[in-house]
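Undergrad: Here is how the chains run, residue by residue.
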Amino acid sequence: MKFLYFPGCSLDGTALEYNQSTRVLMKELGVELYEIPDWTCCGASAAEATSTLLSFVLPARTLALAERMDASDEILVPCSACYLNLTKTAKEAAKDPELLEKINRVLEIEGLRFHNRLKIRHLLDVLAVSIGADTIQSLVTRPLSNIRVAPYYGCQCIRPYAVFDDPEDPHSMEPLIKATGAQVHTWGMGGTCCGASHINLKPEISIELVTSILREAKPADVTVTVCPMCQINLEANQQKISKRQHEDLNVSILYLPQLLGLAMKIPRSDLRLDLNLSVTKKFRLKLEMLDKGRVPKIHAS
Amino acid sequence: MNQVEQTQNYQEVDPSSDSLKHIREMIQSCIQCGTCTGSCPNEFAMDHTPRQLWRMVLMGQKDAIFHSRTFSLCSSCYSCTLRCPRGLPLTDAMHQLKLIAVREKLSEYKIANLFYKSFLDSVNDHGRVRELGMMTHFFLTLTDPMVVLKFASLGLKLMSKGKLSPHFGSKGDLPLGALFKKVEEMEKNI
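Protein chains in written order, with the numbering used here: chain A, 1 to 301; chain B, 1 to 190.
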């Protein structure tokens, strides 16, 4: 299996461990990734609040560069915000030829042309649908027995476009979690919003949302995410939130490929667990027990 | 006949609110059912509910819309868009309101405006967002030290993990100035 690869800006900075763990997991799975040379920012949430045309041109520039590559007709995108911006551009340009023409008038400046011929795939889509839980299970060498995992999907990989999961009631991560030998923490917060970029300008809003999510995540050993924005929102303010709420709301937050990699015995240093902002002592101890071939006690909730 | 008259009434809005015209068209068939309000995770912090906001848009109450913080609290979760029984692009309509606030340099929206500007300046100069440079630039344009303090502890945490490494020089830069300029030109001619 081969995919073109668009890491996006966060995976070059605050989400380095998402980038590294995705690459190392894909290598282990025999999936080849071809990074799009000279890719640029998708516009995040800044472009759409500033210029509608720019919000389409920025993703289209990277898509046009990807179209020049031969390795694959599909782009793998781990960041949910990048994924949505690329998908939105492809969908809108497909139904509006005038928009496509406008985009191309801008891209002409760089000698690029956007033909809209590539399929854009979120990492979770590729793992759940193309690779599948059976393949993951066949590669598990250290089952995560008695580890309870809360799947956190966030918003933009499942909404507004229902591509690979139910946008109201997502479940695509569950077979993958079960494939690692872990248990799924059943909860209602998997598809709720973390506040996204409000962390920058209106932290009080995202802290309110994150507090409810952390509280519900508490009975699990670890929560897994598939988006750098979700990840940083859930992990960055736990101490502050715990203090404010007078309760311990520190929970471990990992990226999904990190969890899968742990079950496949990919070295922790390759999965860059050292870069996560919240991995609790309790979870580390459980991993150490699994390392020694012992089964940890089930988390009391 | 009655129906036609009613539709025409909707069109009779304050002429000074013309910049809302295309947003009104996006949400024209809103039936005020409130599904958007019931779906919004940030409604708890809003002074007007999303349903009320759409009514204000239809009535052309531009001042009230932009004095309210409702549109700026949208975090683009797309729940309302997904659930709207009329299939209206409500999240996109929120983006369009943010766009007007940025374009018209509304004072209530100044900090958000500066943030977007710092972000896009970074993209313009480097092709990619360089988080450390972008945030430094954003802080320097602010005069409120409290906002900076809000970020300080997270910034230090990220730096200690080597996640906010400074980039020196222009190595790896993919400047997009020409592309940004062309977009600006084309948008002026609309």
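Honestly, I wouldn't trust all of these hints.
[As the list claims (entries may be wrong)] Straight-line Cα separation of at most 16 Å, EDC-like style, residue types lysine to aspartate or glutamate; simulated pairs:
1. A:202 <-> B:25
2. B:161 <-> A:248
3. B:182 <-> A:108
4. A:265 <-> A:248
5. A:88 <-> B:92
6. A:91 <-> A:101
7. A:119 <-> A:101
8. B:171 <-> A:12
9. B:171 <-> A:38
10. A:202 <-> B:47
11. A:102 <-> B:184
12. A:2 <-> A:32
13. B:62 <-> B:121
14. A:202 <-> B:185
15. B:157 <-> A:274
16. B:181 <-> A:108
17. B:150 <-> A:12
18. A:102 <-> B:92
19. A:265 <-> A:28
20. A:102 <-> B:125
21. B:62 <-> B:125
22. B:181 <-> B:125
23. B:182 <-> A:101
24. A:27 <-> A:70
If you are wondering where the hints come from, they were derived from the structure by calculation, not from laboratory data.
Undergrad: Determine for every hint whether it applies to the structure shown.
TA: These are the hints, each one checked on the structure:
1. Proximity of residue 202 (chain A) to residue 25 (chain B) is assessed by CA-CA distance (about 30 Å); at most 16 Å being required, the pair is judged violated.
2. For the hint linking residue 161 (chain B) to residue 248 (chain A), the alpha-carbon distance of about 24 Å lies beyond 16 Å, and the restraint is violated.
3. Restraint check: the Cα-Cα separation between residue 182 (chain B) and residue 108 (chain A) comes to about 10 Å, which is no more than 16 Å; the hinted pair holds.
4. Distance check on the hinted pair: residue 265 (chain A) and residue 248 (chain A) sit about 30 Å apart at the alpha-carbon level, beyond 16 Å; violated.
5. Between residue 88 (chain A) and residue 92 (chain B), the direct Cα distance comes to roughly 11 Å. Compliance with the 16 Å bound is thereby established for this hinted pair.
6. Proposed proximity of residue 91 (chain A) and residue 101 (chain A) is supported: the alpha carbons are some 14 Å apart, at most 16 Å.
7. About 20 Å separates the Cα atoms of residue 119 (chain A) and residue 101 (chain A), which puts this hinted pair outside 16 Å; it is violated.
8. Annotation: proposed proximity of residue 171 (chain B) to residue 12 (chain A) holds, straight-line Cα distance about 15 Å (limit 16 Å).
9. At most 16 Å may separate the alpha-carbon atoms for a hinted pair to count; residue 171 (chain B) and residue 38 (chain A) meet this at roughly 12 Å.
10. With a C-alpha separation of about 15 Å, the suggested pairing of residue 202 (chain A) with residue 47 (chain B) holds against the 16 Å cut-off.
11. Of the supplied pair hints, the one linking residue 102 (chain A) and residue 184 (chain B) holds, its CA atoms being roughly 12 Å apart against a limit of 16 Å.
12. With a CA separation close to 5 Å, the supplied pair residue 2 (chain A) and residue 32 (chain A) stays within the 16 Å bound.
13. This hinted pair does not check out: residue 62 (chain B) and residue 121 (chain B) have alpha carbons roughly 29 Å apart, beyond 16 Å.
14. Of the pairs offered as hints, the one joining residue 202 (chain A) and residue 185 (chain B) is violated, with about 32 Å between alpha carbons and a cut-off of 16 Å exceeded.
15. Using a Cα cut-off of 16 Å, the hinted pair residue 157 (chain B) and residue 274 (chain A) holds, with the two alpha carbons roughly 13 Å apart.
16. For the proposed pair residue 181 (chain B) and residue 108 (chain A), the alpha carbon gap of about 13 Å is at most 16 Å, so the pair holds.
17. With a CA separation close to 24 Å, the supplied pair residue 150 (chain B) and residue 12 (chain A) exceeds the 16 Å bound.
18. For the hint pairing residue 102 (chain A) with residue 92 (chain B), the CA-to-CA distance comes to about 19 Å; that exceeds 16 Å, so the pair is violated.
19. Using a Cα cut-off of 16 Å, the hinted pair residue 265 (chain A) and residue 28 (chain A) holds, with the two alpha carbons roughly 10 Å apart.
20. Only pairs whose Cα atoms come within 16 Å are accepted, and residue 102 (chain A) paired with residue 125 (chain B) is rejected, the gap being roughly 23 Å.
21. For the hint linking residue 62 (chain B) to residue 125 (chain B), the alpha-carbon distance of about 35 Å lies beyond 16 Å, and the restraint is violated.
22. Restraint check: the Cα-Cα separation between residue 181 (chain B) and residue 125 (chain B) comes to about 12 Å, which is no more than 16 Å; the hinted pair holds.
23. For the proposed pair residue 182 (chain B) and residue 101 (chain A), the alpha carbon gap of about 14 Å is at most 16 Å, so the pair holds.
24. For the hint pairing residue 27 (chain A) with residue 70 (chain A), the CA-to-CA distance comes to about 19 Å; that exceeds 16 Å, so the pair is violated.
In the structure shown, a violation is registered for the earlier hints numbered 1, 2, 4, 7, 13, 14, 17, 18, 20, 21 and 24, in ascending order.
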